[in-house]
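Participant: Sequence:
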Amino acid sequence: MSETTHDGTVAASASVPPDEGLTAAELAARYGLTVSGARPSPAEYLRQLWARRHFILAFSRAKLTAQYSQAKLGQLWQVATPLLNAAVYFFIFGLLLGARRGIPHEIYVPFLVTGVFVFTFTQSSVLAGVRAISGNLGLVRALHFPRAALPVSFALQQLQQLLFSMVVLVAVVVAFGSLPALSWLLVVPALGLQFVFNTGLALVFARLGSRTPDLAQLMPFVLRTWMYASGVMFSIRAMLEGKDVPGWLADVLQWNPAAVYMDLVRFALIDGYGSSYLPPHVWAFAVGWALLAGVIGFVYFWKAEETYGRG
3 MSETTHDGTV
13 AASASVPPDE
23 GLTAAELAAR
33 YGLTVSGARP
43 SPAEYLRQLW
53 ARRHFILAFS
63 RAKLTAQYSQ
73 AKLGQLWQVA
83 TPLLNAAVYF
93 FIFGLLLGAR
103 RGIPHEIYVP
113 FLVTGVFVFT
123 FTQSSVLAGV
133 RAISGNLGLV
143 RALHFPRAAL
153 PVSFALQQLQ
163 QLLFSMVVLV
173 AVVVAFGSLP
183 ALSWLLVVPA
193 LGLQFVFNTG
203 LALVFARLGS
213 RTPDLAQLMP
223 FVLRTWMYAS
233 GVMFSIRAML
243 EGKDVPGWLA
253 DVLQWNPAAV
263 YMDLVRFALI
273 DGYGSSYLPP
283 HVWAFAVGWA
293 LLAGVIGFVY
303 FWKAEETYGR
313 G
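Count the sequence shown with this note's numbering and you get residues 3 to 313, in order.
Hints listed in this document are in silico derivations from the structure and should not be mistaken for laboratory results.
It is possible that part of the hints are untrue.
[Claimed, not checked] Across the chosen pairs, the derived CB separations fall in these ranges:
hint, residue 1, residue 2, range
1, K245, R213, 37 to 45 Å
2, A231, P182, 29 to 37 Å
3, G140, F223, 27 to 35 Å
Note that the Cβ used here is the ideal one computed from N, Cα and C, for glycine as well.
Construct all of the structure, not just a fragment, from the sequences and the given hints.
Facilitator: So this is what it looks like as structure tokens:
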């Protein structure tokens, strides 16, 4: 475009910049720019998590090794801690309060130890999940990776710790007369479903804990209440027998996920713990709780992916 000046010469007019008048979003779209740290689609997020599976496993192993690195007994505390808890609960609830009501004396100890070990798996996963983001802000701010890798790795760490503890649990069960049988194979799907459930809870509380650090101080009280309501030290069915309690309350106590997974492992390992102790449709509830917690936890955590480590 040109114009004639007063002296008759021809001058070119200033050209309009091609980007003039475009909004920031339109400019970004024009040049293929994306927001740094933008949240990917759920399918892409899952793909990124799978691509970093080696990091997740290595991180969980490193955390497991470092957990008791300052203690003289080292990794022995992985087993000693739940065993000491079981001993305390046996003295208080088994001997003093008579909580073994409805359970044969010869199976109460493996019943109690199994409950403590299995519930500790869920308890530790939740507590680790609360601090997964807030306790690793340096890593979150320094590196780009799907943040869900952190709570998943902490849940995996607790699974590895439980597997170490299973050696002692098996020894206790055998010592009280329950010999290896095909039913022991049921431990694998039971703990697999519990791991999915725990991971979902860890994802939920990782997001909550990233914004509310004080949640880490509150959760031990919530988890202790959950433990007392889940039949770790007593049989829910035997305790409710003959009691004037609403039917819905009995269902809530028997079908709560912690009780469901404990019952399945007890049923698999302990000879005297038969199907009469299990609530109806227990496997369906185990699968349902795992899917519900896993899906809700993943989606809930993913929706805040862009916010972790900021502010």
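Participant: Hint says 27 to 35 Å; check whether the CB-CB distance for G140 and F223 agrees.
Facilitator: Check passed, 29 Å falls within 27 to 35 Å.
Participant: Between A231 and P182, does the beta-carbon spacing fit 29 to 37 Å?
Facilitator: Given range 29 to 37 Å: holds, Cβ gap about 32 Å.
Participant: Kindly confirm whether 37 to 45 Å is satisfied by the beta carbon distance between K245 and R213.
Facilitator: The hinted range 37 to 45 Å holds for K245 and R213, with Cβ atoms some 41 Å apart.
Consistency note: the structure conflicts with none of the earlier hints.
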